[in-house]
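There are 2 protein chains.
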Amino acid sequence: MRVLRTASALLLSAALAPLAVADEGMWMPQQMPQLALRLKALGFEGDPAQFADLTGFPMGAIVSLGGCTASFVSDEGLIVTNHHCVTGALQYNATPERNLLKDGYLAKTRADELPVGPGSRVWVTTGVTDVTAEIRAKLPPKIVDAALDRLLERRIKTRVAACEAGGGKRCVVAPFFGGKSYYEIAQMEIADVRLVYAPAEGIGNFGGETDNWRWPRHTGDWSFYRAYVGPDGKPATHAAANVPYKPKFRLKVSPKGASPGEVVFVAGYPGRTQRHMTFEEVREVVNWQLPRSIKLAKEQIALLEELAKQDKALAIKAAGRLRGLNNGLTNQSGVLEGLSRGGALAQKEKLQQELVAWIAADPARSTKYGGALDTLAKMQAEAEKTRDRNAWLGGLAMSSTYLSAANTLYRLSLERGKKQDLDRDEGYQQRDWTRLKEAQERMQRTIDPRLDRATFRWALQHIAELPADQRIAPIDTAAGLKPGMAKADAEKAIDGWLDKMYAGTKMADKDFRLALFEKPAKDVAATADTFVALAVSMHPMLEAQREAGRARSGAYARVRPVYMEALIEKAGGLVAPDANSTLRVTYGVVKGVDGKDGLWLKPQTTLKGIEQKHTGEGEFDAPDTHLKAIQALRAGKATPYLDPKLGDVPIDFLSTVDTTGGNSGSPTLNAKGELVGLLFDGTYDSVASNYLYEPVGTRSIHVDSRYLLWTMTEVDGAGHLVEEMNR
Amino acid sequence: MRVLRTASALLLSAALAPLAVADEGMWMPQQMPQLALRLKALGFEGDPAQFADLTGFPMGAIVSLGGCTASFVSDEGLIVTNHHCVTGALQYNATPERNLLKDGYLAKTRADELPVGPGSRVWVTTGVTDVTAEIRAKLPPKIVDAALDRLLERRIKTRVAACEAGGGKRCVVAPFFGGKSYYEIAQMEIADVRLVYAPAEGIGNFGGETDNWRWPRHTGDWSFYRAYVGPDGKPATHAAANVPYKPKFRLKVSPKGASPGEVVFVAGYPGRTQRHMTFEEVREVVNWQLPRSIKLAKEQIALLEELAKQDKALAIKAAGRLRGLNNGLTNQSGVLEGLSRGGALAQKEKLQQELVAWIAADPARSTKYGGALDTLAKMQAEAEKTRDRNAWLGGLAMSSTYLSAANTLYRLSLERGKKQDLDRDEGYQQRDWTRLKEAQERMQRTIDPRLDRATFRWALQHIAELPADQRIAPIDTAAGLKPGMAKADAEKAIDGWLDKMYAGTKMADKDFRLALFEKPAKDVAATADTFVALAVSMHPMLEAQREAGRARSGAYARVRPVYMEALIEKAGGLVAPDANSTLRVTYGVVKGVDGKDGLWLKPQTTLKGIEQKHTGEGEFDAPDTHLKAIQALRAGKATPYLDPKLGDVPIDFLSTVDTTGGNSGSPTLNAKGELVGLLFDGTYDSVASNYLYEPVGTRSIHVDSRYLLWTMTEVDGAGHLVEEMNR
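These protein sequence lines map, in sequence, to chains P and C. Our numbering runs 10 ahead of the 1-based position in the first sequence. Our numbering runs 10 ahead of the 1-based position in the second sequence.
This is chain P alone, in the form it adopts within the complex (with noise of 0.2 angstroms):
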């Protein structure tokens, strides 16, 4: 539970032992004014006001990537953001011969600047509206639950169709608290994003899976990309003619980077935390999702480690998906981990019996919320029983770029023939069929057939073993599976069946997709592609996942929000929403934290752990300009990024602050809103606080803006780029 005791014993606590834990919670920005007494209590000087001014000094300032979270750091569009959010950009401009993931990149000038590819954006929030009336008035009592989520939906649609009237917007309406609230969110979307400079792996992934999560950490991760508008100031589509972006606010970075109790904010979009599940979800969480999610990642990172040592090209097209493979197996193993030591579920159970009897010690609060979470227990059991086949159901084109892209392209053409754009699907709207082809562009950086083939493979021999009530008939049919089938016959058969889908299709071919990307439904169907022909053969069943998951969507949409309204009655109101990738603001203290017996994980590492670290190959490997400014600075060369406490040049830092993925690349901000550095990670301790915050070992990683500094203006001649931040 990521509740907040009541205020008072909050205050109380805060005045007995400010510092002793961490502090739960992802803030929405309308929130802080609410925490002042807490943060005065932690040291903060400032007004915590001026966090709910989104489009003020500093929020004005952070910007999300999608999946990211950046920070203007320029009066010349200059975004700072964290290197591991930057690799898709480095991938589109890398070739054999200029290695930008290995190597890096620098841009001299603005000519140099790289666009990033098709699809990348930079999303200003400019509002937060509060919609909750207005999405959830005068339901029909006895509408059936998929016609309450269609319903919801179409509000939903509605409403954002009205926001983005105009161009240049993106508009967002999003529920908090499992739908108890909905906010528009409106951005502002810039289109013209491009590659200033990335640090060499070497520094910008130093340390690479091995040090993933983990603590000590020496990781310089960030890099910077630029925003462009046309010259009239607005957003626009990349063209030589595009100027700058001129942000409203941005960021100082501070030569001073972070030290030890100092206080520290992090703004940004964290994607998802699930801490208002209930029992019986987390449950399903531990016993099923993350050990199942957690052996289909151990065999495909097996296999596509094998197909990468085959080859230089596919391993350079699998390097993205290896990467994000073993960051979810490291995050998912810890998860489990956490979940799973000093009785998390059982406490997690604890915490639900204490909301049960609380709920039934009060005649009215049994009225208002009492079979609430029956109800979601009885959901739960009901969606166990189907969860292998629809888990494949869903999953399956994740194996398969080809299946991926001829599901979206089929899907696409039918939504498209719908009249109404209000009737379309979200997602297929006519707001997505840019980022629908761009994505359909971009997808030519990696997609291949080798790589294809060997994962649809993979997935075609788990659903192979589906039990008998669990089968997905189109795919049975087309490869001649059946249930209790020998392993080897099984595999002959995928064989046998995939031998002829490879050689009936164009999937990989860009022009292909991008054509059928125009064609009405009836043409798709009717392209001989055998791609195409699965895609049409299993649209049927996609659709009735998709219907049952509205229908479920519609009874969660009655149900959570009388749960949700009980947990915050029961913790006297003040509660943050879970994390739904809208903007958000946490806090905390630089800080070490208990490691292993007999470990004390220091708050700060140094330019000393690289000596220590580095072995020259793999993923300790700095560069050679690196270690001979480290060589220099050991020789006495001045530097204005020493820590004088540390007799060094800090790299990276601990807080208590309250982060998930999404976070990545969010600035961390002093209490005078100055960026002191960039989160990064968490430490692996903390990745199971998603689901059941855990105040005491709970820390974040950030790299340190003295370390920044140090390493553009000592190793990689980016002090030009120093000079315009500090202009």
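Simulated from the structure, these hints should not be mistaken for lab results. Check each hint, because a few of them may be wrong.
If chains are identical, the list can't say which one is meant, so a pair holds when it fits in one copy or spans any two.
As the list claims (entries may be wrong) - Straight-line distance between alpha carbons at most 20 angstroms, and here's what the computed SDA-like set of lysine to any residue pairs gives:
(1) Lys618 <-> Tyr694
(2) Lys388 <-> Thr247
(3) Lys322 <-> Arg302
(4) Lys492 <-> Trp468
(5) Lys606 <-> Thr220
(6) Lys516 <-> Arg165
(7) Lys606 <-> Gly626
(8) Lys190 <-> Glu347
(9) Lys152 <-> Ala558
(10) Lys655 <-> Val603
(11) Lys618 <-> Glu347
(12) Lys322 <-> Gln430
(13) Lys618 <-> Glu704
(14) Lys606 <-> Trp223
Fit chain C to the known structure of chain P by using the hints.
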């Protein structure tokens, strides 16, 4: 350099920052009173003079096991030492049905106490006498080097013989400061030693090789012996009528253990440090000796592990040797790392240059000390010319127990043939015969033709590759080896020869070896045994090597004392001599240390670490009884051994005391002389201190007496021993 700064500088720094850095020095007990002020600064309120009285408290309770240290902890002769010091005793009593190495052992009654095998002794130091004047008096000025060595050895043997007259004693005349001083150490020798209690491997060696030399550590490295004497109270060989020895002094085991910041002492028998080597000598260690040893250890480990895999009986026979090799490998790697990093060798060179400059700065000093360093450097350069041959010639017998036994038996027969005992070589005098015979008996537990042939073959492969000017002729002749031979040809020759060697020997037969023990040299030489014949053929070359060694020793005996006098004078007079297996005292405080960048190694570990590290297999396999006792503790079972600050039972702790191999098993004493722990290891970052003391990071590792007492009472049912110790 292990030189302590001049007294005034020392006291000044002590007053300013008493705990800032660790104190170097494995002090001779009689030096302790000179350290009174420093000890007071650390918070010690007792009288350091108490450590100078070897027959008083606490020093009278400290004993040597030969290679390890131990102490009396009851009035009934109960002795505590490290688990890793009793491996031989466990091996000796192990059978395929009763795996004492794995399961440990507890004698419920005195009658169950097990003899620990021939040759095991307990030595109680009873006196230390300065005999420098006698040993070095009136040395003939023109005597040649080898004769000088002989003369010194004869004087030493004469002293030892006089000291040991009457029996029941063992005496040593040991050189200190490179032969500048000689002390005669007299020790009572207790020959009936029995195994009382050893915990299971999952406690006593928890963490195994993985954790060896590492921190955080969770090893319960203790075991108990009991010393028995004849009914008359005098040392006697093992007999049923023997009774427990009643020591004059015994240590009290503290139920309070040790806590951070506390002053602790370690009294014991550190084996060997080489901090007074010259720069050129250390350079040879870094550039040649250590890389060679590390390479050879790795090869042997791989070989033995492969053999151990094939056969359980072989595994038991190879276990002790493997443990020793692994331990040595980690140690040597640590020393090499320590001496290679941070310019340690350059620091050694600088210290030597300072000494040279200090000598040159004063004409009287130049006259007295000038030339000593040059001579040492020249001798070192000369020795390096034939280092490969000499290393293999001296080390070959270590690869074959068969050859080693044959060498010993033949040489013994020759030495026995001499009329005067004083003419016999050191180690082959009458006083050594029992020990040599017991070694032949003990050998039977590990000798094995497959093991022997494998390691002997490995050594011969290396010998086959020696350069043409460094050949070992008797091996070349016997095995048909030639310099520059192709590898395959050499192997073929070796294998053919080994077929004959192992077919024609009875060296694995104990009775055969013991029979040779009594025979005159000509009968031994005439024995029809291939290994005896090899020993006879190699004898002249080994004798020549020994003779060259004598010449070198004689030369060192002239020059090294001069060098040491210069060092001591420069240091202001107070210098701790290098460890030489004699009784020493070292002091320090319980204190954590910086680990790798970003890590602080806390000073204590707790049971929590067992829970974290336990995997249920291999090196991290805590016994079920142990895990259950932890569960009971977690469930609230009271224990007096809980550390209130840690909220847990402490396991191991770090201190700044200066120790080395041989100190294993030493009692760790608090300011009252109570046993608060047992020294059992040093950290990896400390091991290079054997050559060049590192005052900031050097730490010793101890097991806390509370873990010992908790395990004895809560896990192993050894409450009767705790009771005995408390009496």
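Hints, one by one, checked against the model:
1. Lys618 <-> Tyr694: Result: close only across copies, 18 angstroms inter versus 23 angstroms intra.
2. Lys388 <-> Thr247: For Lys388 and Thr247, neither the intra-copy (49 angstroms) nor the inter-copy (78 angstroms) Cα distance is at most 20 angstroms.
3. Lys322 <-> Arg302: Classified as neither; 30 angstroms inside a copy, 39 angstroms across copies.
4. Lys492 <-> Trp468: within (17 angstroms within a copy, 58 angstroms between copies)
5. Lys606 <-> Thr220: both (17 angstroms within a copy, 16 angstroms between copies)
6. Lys516 <-> Arg165: This pair counts as neither: shortest intra-copy Cα distance 39 angstroms, inter-copy 97 angstroms.
7. Lys606 <-> Gly626: Intra 28 angstroms, inter 18 angstroms, cutoff 20 angstroms: inter-copy only.
8. Lys190 <-> Glu347: Close neither inside one copy (31 angstroms) nor across copies (61 angstroms); limit 20 angstroms.
9. Lys152 <-> Ala558: So Lys152 and Ala558 pass the 20 angstroms test inside one copy only (18 angstroms; across, 107 angstroms).
10. Lys655 <-> Val603: Both ways: Lys655 and Val603 sit 19 angstroms apart in one copy and 17 angstroms across, limit 20 angstroms.
11. Lys618 <-> Glu347: between (31 angstroms within a copy, 16 angstroms between copies)
12. Lys322 <-> Gln430: Neither: 47 angstroms inside a copy, 78 angstroms across copies.
13. Lys618 <-> Glu704: Intra 31 angstroms, inter 18 angstroms, cutoff 20 angstroms: inter-copy only.
14. Lys606 <-> Trp223: both (15 angstroms within a copy, 17 angstroms between copies)
Consistency with the previously given hints fails for numbers 2, 3, 6, 8, 12, ordered from lowest to highest.
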